[in-house]
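S.K.: Single-letter residue listing:
Number of protein chains: 2
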Amino acid sequence: MIAVLRLGHRKKRDARVTTHVCLAARAFGASKIILSGEKDEKLIKNVEDVVERWGGPFSIEYCKNWRKVIKNWKSKGGEVIHLTMYGLPVQKVIDKLKNDKDKLIVVGSSKVPGEVFELADWNVAVTNQPHSEVSSLAVFLHMFFEGSELEKKFKNAKIKIIPSKKGKKIIELK
Amino acid sequence: MIAVLRLGHRKKRDARVTTHVCLAARAFGASKIILSGEKDEKLIKNVEDVVERWGGPFSIEYCKNWRKVIKNWKSKGGEVIHLTMYGLPVQKVIDKLKNDKDKLIVVGSSKVPGEVFELADWNVAVTNQPHSEVSSLAVFLHMFFEGSELEKKFKNAKIKIIPSKKGKKIIELK
Numbered sequence: 008m009i010a011v012l013r014l015g016h017r018k019k020r021d022a023r024v025t026t027h028v029c030l031a032a033r034a035f036g037a038s039k040i041i042l043s044g045e046k047d048e049k050l051i052k053n054v055e056d057v058v059e060r061w062g063g064p065f066s067i068e069y070c071k072n073w074r075k076v077i078k079n080w081k082s083k084g085g086e087v088i089h090l091t092m093y094g095l096p097v098q099k100v101i102d103k104l105k106n107d108k109d110k111l112i113v114v115g116s117s118k119v120p121g122e123v124f125e126l127a128d129w130n131v132a133v134t135n136q137p138h139s140e141v142s143s144l145a146v147f148l149h150m151f152f153e154g155s156e157l158e159k160k161f162k163n164a165k166i167k168i169i170p171s172k173k174g175k176k177i178i179e180l181k
Numbered sequence: 008m009i010a011v012l013r014l015g016h017r018k019k020r021d022a023r024v025t026t027h028v029c030l031a032a033r034a035f036g037a038s039k040i041i042l043s044g045e046k047d048e049k050l051i052k053n054v055e056d057v058v059e060r061w062g063g064p065f066s067i068e069y070c071k072n073w074r075k076v077i078k079n080w081k082s083k084g085g086e087v088i089h090l091t092m093y094g095l096p097v098q099k100v101i102d103k104l105k106n107d108k109d110k111l112i113v114v115g116s117s118k119v120p121g122e123v124f125e126l127a128d129w130n131v132a133v134t135n136q137p138h139s140e141v142s143s144l145a146v147f148l149h150m151f152f153e154g155s156e157l158e159k160k161f162k163n164a165k166i167k168i169i170p171s172k173k174g175k176k177i178i179e180l181k
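So the sequence lines, in the order shown, correspond to chains A and B. So that you can map any letter, position 135 of the first sequence is 142 in this note's numbering, and since no number is skipped, the others follow by simple counting. So that you can map any letter, position 39 of the second sequence is 46 in this note's numbering, and since no number is skipped, the others follow by simple counting.
Bear in mind the hints are in silico, worked out from the structure with no lab data behind them. All values reported here derive from a predicted model rather than from experimental measurement. Be aware that one or more of the hints could be misleading.
No distinction is drawn between identical chains; accordingly, a pair holds when it is met within one copy or between any pair of copies.
Once the Cα atoms are required to be at most 27 Å apart in a straight line, the calculated DSS-like pairs of lysine-lysine come out as [unchecked claim]:
#	residue 1	residue 2
1	LYS105	LYS159
2	LYS162	LYS71
3	LYS46	LYS18
4	LYS167	LYS71
5	LYS181	LYS52
6	LYS181	LYS78
7	LYS39	LYS172
8	LYS99	LYS49
9	LYS52	LYS71
10	LYS99	LYS159
11	LYS118	LYS49
12	LYS46	LYS103
Build the full structure now, drawing on both the sequences and the hints.
M.R.: Here it is in structure tokens:
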């Protein structure tokens with residue numbers, strides 16, 4: 008079980024990037040995203056619509072208190088991995104993370120409270136360069152699942168793409 | 008030589024996502040990004056500031072005519088790879104792309120003209136699921152470079168992160 012916790016969402020400024028974080032979480036094999044920061048019903052609805060059409064299982068929820076989410080996760084034996092450019096290189100730690108513990112992957116927005124670095128079991132850097140929480144999350148999950156996520160089948164999808172050399176092929180499944 | 012062409016940038020709507028595309032391109036080993044769509048001096052300046060502080064080489068430029076960029080690239084013997092959810096699975100084609108030809112990686116925004124699918128040598132899908140041009144680009148480059156991009160050293164950086172278990176360590180180099 009892999010869940011993603013997105014910190015500090017701001018409705019106006021982050022709508023698209025947070026949406027991309029949610030979709031990348033789903034596409035690369037997480038089963039849940041928890042949003043904190045400003046509550047954004049429209050964004051939640053949009054992501055639920057994607058799951059409805061493209062399949063799941065994938066759930067999205069909002070939390071008021073991210074500290075509680077992290078602490079609960081740890082108290083149940085799960086591991087908390089904070090993705091940050093300041094952390095240890097992902098290529099050096101990823102093998103240690105391949106175990107059976109449930110994972111909560113925390114991704115920040117602009118300012119991540121110092122407390123997150125303390126609460127996390129692992130602070131992991133997908134490069135120590137500035138880029139994006141979307142790319143960090145996707146590459147992390149890709150390395151974690153070793154590419155098997157690229158073959159993932161989604162359940163109860165209403166539409167599906169047939170890969171093609173040129174052009175667009177979508178089929179309706181129901 | 009790997010360059011990225013970002014199609015259809017819209018100043019208001021795409022500022023942050025395009026910035027993330029630029030930074031992911033740089034962080035994961037491309038040496039150049041070409042933006043098309045609306046000209047956005049502020050975004051270009053922001054990315055140049057990142058290169059100035061975090062190192063390069065990485066260049067950013069604006070083009071008025073993306074068709075010309077693609078056609079020029081091909082006429083010089085380079086390969087054009089369009090990342091699209093409709094394309095062939097990246098895991099099936101990536102080995103064929105590991106050759107010495109210069110690569111132009113094209114990433115779209117909301118609506119990519121059908122012509123792009125025709126002009127591209129390869130239409131490649133990083134999953135056939137909806138997610139983000141940021142995650143597609145990063146995972147594609149990660150697979151292309153086989154993880155070596157994670158060890159990339161940037162030149163003439165003014166600041167650098169020292170990876171750490173907890174907290175933030177930045178050093179100034181000049």
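S.K.: Take the hints in turn and mark each one as holding or not.
M.R.: A quick look at each hint next to the structure:
In this assembly of identical chains, LYS105 and LYS159 lie within 27 Å of each other by CA distance both inside one copy and across copies; the values are 18 Å within and 24 Å between. For the homomeric pair LYS162 and LYS71, neither the shortest alpha-carbon distance inside one copy (30 Å) nor that between copies (43 Å) is at most 27 Å. In this homomeric assembly, LYS46 and LYS18 come within 27 Å of each other (Cα to Cα) both inside a single copy, at 7 Å, and across copies, at 26 Å. Neither within a single protomer nor between protomers do LYS167 and LYS71 lie at most 27 Å apart by alpha-carbon distance, with minima of 35 Å and 35 Å respectively.
Taking identical chains as interchangeable, the C-alpha atoms of LYS181 and LYS52 lie at most 27 Å apart only when both belong to the same chain, with a minimum of 21 Å there against 48 Å between chains. Taking the closest pair of Cα atoms, LYS181 and LYS78 never come within 27 Å of each other, the shortest separation being 41 Å inside a single copy and 41 Å across copies. In this assembly of identical chains, the alpha carbons of LYS39 and LYS172 lie at most 27 Å apart only when taken from different copies (26 Å versus 32 Å within one copy). For a Cα distance limit of 27 Å, the shortest separation of LYS99 from LYS49 qualifies neither inside one copy, at 38 Å, nor across copies, at 36 Å.
In this assembly of identical chains, LYS52 and LYS71 lie within 27 Å of each other by CA distance solely inside one copy; the values are 18 Å within and 36 Å between copies. When the C-alpha separation of LYS99 and LYS159 is checked against a cutoff of 27 Å, the pair qualifies both within a copy, at 26 Å, and between copies, at 14 Å. In this assembly of identical chains, the alpha carbons of LYS118 and LYS49 lie at most 27 Å apart whether taken from the same copy (23 Å) or from different copies (22 Å). With identical chains, the CA atoms of LYS46 and LYS103 are never at most 27 Å apart, being 34 Å at best within one copy and 45 Å at best between copies.
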